[in-house]
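Make the complex out of the two chains shown on their own, each in a separate frame, by following the hints.
Chains as they are written, first to last, in the working numbering: chain S, 3 to 118; chain R, 66 to 177.
Derived list of chain S stretches under chain R, where covered just means 3 residues or more per stretch with a C-beta under 8 angstroms from a C-beta of chain R: (1) 38-49; (2) 56-66.
One side of the interface only, derived from the structure: several residues of chain R facing chain S at Cβ under 8 angstroms: (3) 107; (4) 109; (5) 111; (6) 153; (7) 162; (8) 166; (9) 168; (10) 170.
To be clear, the hints were calculated from the coordinates, so they are not data collected in a lab.
What you are looking at is a predicted structure, and each value in this text was computed from that prediction instead of being measured.
Built from N, CA and C at the ideal position, the CB exists for glycine as well.
What follows is the residue order along each chain.
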Amino acid sequence: GAGVSQTPSNKVTEKGKYVELRCDPISGHTALYWYRQSLGQGPEFLIYFQGTGAADDSGLPNDRFFAVRPEGSVSTLKIQRTERGDSAVYLCASSINSGGAGGELFFGEGSRLTVL
Amino acid sequence: QKEVEQNSGPLSVPEGAIASLNCTYSDRGSQSFFWYRQYSGKSPELIMSIYSNGDKEDGRFTAQLNKASQYVSLLIRDSQPSDSATYLCAVNPPQAGTALIFGKGTTLSVSS
Numbered sequence: 003g004a005g006v007s008q009t010p011s012n013k014v015t016e017k018g019k020y021v022e023l024r025c026d027p028i029s030g031h032t033a034l035y036w037y038r039q040s041l042g043q044g045p046e047f048l049i050y051f052q053g054t055g056a057a058d059d060s061g062l063p064n065d066r067f068f069a070v071r072p073e074g075s076v077s078t079l080k081i082q083r084t085e086r087g088d089s090a091v092y093l094c095a096s097s098i099n100s101g102g103a104g105g106e107l108f109f110g111e112g113s114r115l116t117v118l
Numbered sequence: 066q067k068e069v070e071q072n073s074g075p076l077s078v079p080e081g082a083i084a085s086l087n088c089t090y091s092d093r094g095s096q097s098f099f100w101y102r103q104y105s106g107k108s109p110e111l112i113m114s115i116y117s118n119g120d121k122e123d124g125r126f127t128a129q130l131n132k133a134s135q136y137v138s139l140l141i142r143d144s145q146p147s148d149s150a151t152y153l154c155a156v157n158p159p160q161a162g163t164a165l166i167f168g169k170g171t172t173l174s175v176s177s
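Isolated chain R (complex conformation) (with noise of 0.2 angstroms):
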C-alpha cells in the first residue's frame, strides 16, 4: 500500500459546483496534512494545511481531516476553470522525518 492515496482522475465539474478531492495515508502516527496545487507545467504552491481532526476554511476552500479514517479531502466551493489542476495531498509520517510525503495528485477539470 503506498503511503499516500489519491484518485488521479479527472475529475470534471462545472463551473460554480463542488469539486471534492480525497486522500488516504496509511501511516495512523502522521500529525501534519497539506493540499498543495500544481498548474501544468509549474511548480507545486500550498493552498491549505491542517493538523486537528475537523474542518478547516478558508475562503472557498475546506479541508477536512478524519484520523482514524486516515483520511483527508479538500473541498472546492463555487468552483472557476482557474481551479482547473493537479491537486497533491501531502502527509509527514513520523518515519519520514520533516519530509513530505506527497501523492499522485487529483487533476481537476472545471468547465465553463
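Bound-form chain S, shown alone (with noise of 0.2 angstroms):
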C-alpha cells in the first residue's frame, strides 16, 4: 500500500481481555514505532524495530505489553489483560532508516482502543 496501514481501526473490549494491533508499514521501511497517544496528549513511544528484532523497547508500560516483527514488516501490538487506562490511539510509524537520526516517521491513521 501507499501508506502505512493499520487495523482494527476502532476496537472495544472489556476489561481483563486480550487485543491484538496490526501494521503494515511502507514497502521498504525498516524502521517501525509504536507510540500511544491519549487524549490531549502528544504521542508516547512504545518501542522500535529495526527489521525483525526490537532494538528499543523501553517505552512498553509493563509486561502486559508486547510487540512482534517476524519478517521483518508487519507487527502486531499485544495487550494481555487489559486495563480502562490502556484505552488510548495506539498509532504506528515506520521509516525508511532510524527516524530519530534525521528520517521522516510516516505515522499510519491509529488504532482506536476502548477498554470497557
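Below you can see the structure in the form of C-alpha cells.
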C-alpha cells in the first residue's frame, strides 16, 4: 500500500481481555515504531523495531504489552489483561531508516482502543 | 520538568496573520527537532525538521532553533483556516535512542 496501514481502526473490549493491533508499514521501510496517544497528549513512544528485532522497547509500560515483527515487515502489538487505562489511540509509524537520526516518520491512522 | 514542553493553547489568529508556536526541551544534548501537524482525528504528519541553530524556511513555514536556550519555534506566515490543527514539537534526545519525544501539542485556530 501507499501508506502505513493499521487494523482495526477501532477496537472495543472488556477489561481483562486480550487484544492485538496490526501495523503494515510502507514497503521498504526498515524502521517501525509504536506510539500511544491519549486525548490531549502527544504521542508516547512504546517500542522501535529495526528489521525483525526490537531495538528499543523501553517505552512499553509493563509486561502486559508485547510487540513482534517476525518477518521484518508487519508488526503486531499485543496487550494482555487489558485495563481501562490502556484506552488510547495506538499509532504505528515507519521510516526508511532510524527516524530519530533524521529520517521522517510516516504515521498510520491509528487504532483506537477502548477498554470498558 | 517534562522533556518537551509546549503551550497547549488554543492559539487563535486571524486569517493572513503570522502564527508563532513555541517549544522548549530539557535535554541539552538533543540534536534533531521536528514539527508535526495533526488534524483532529487524524495522524501526525511531518512539516518541518531542523538540526542546526538558526532559521529554516519552507514555503509559509519557518522553523527556528536556539540550542543555547533549548528553544525551537515554528512560524506560519499568511495563516489560512486550513492551518487550524494541533502542532506537535518532537525532539530526539540522546537517551531516547532513535525515538522521538513529543510535546503535548499546541492547538492553532485560524479564523476567516
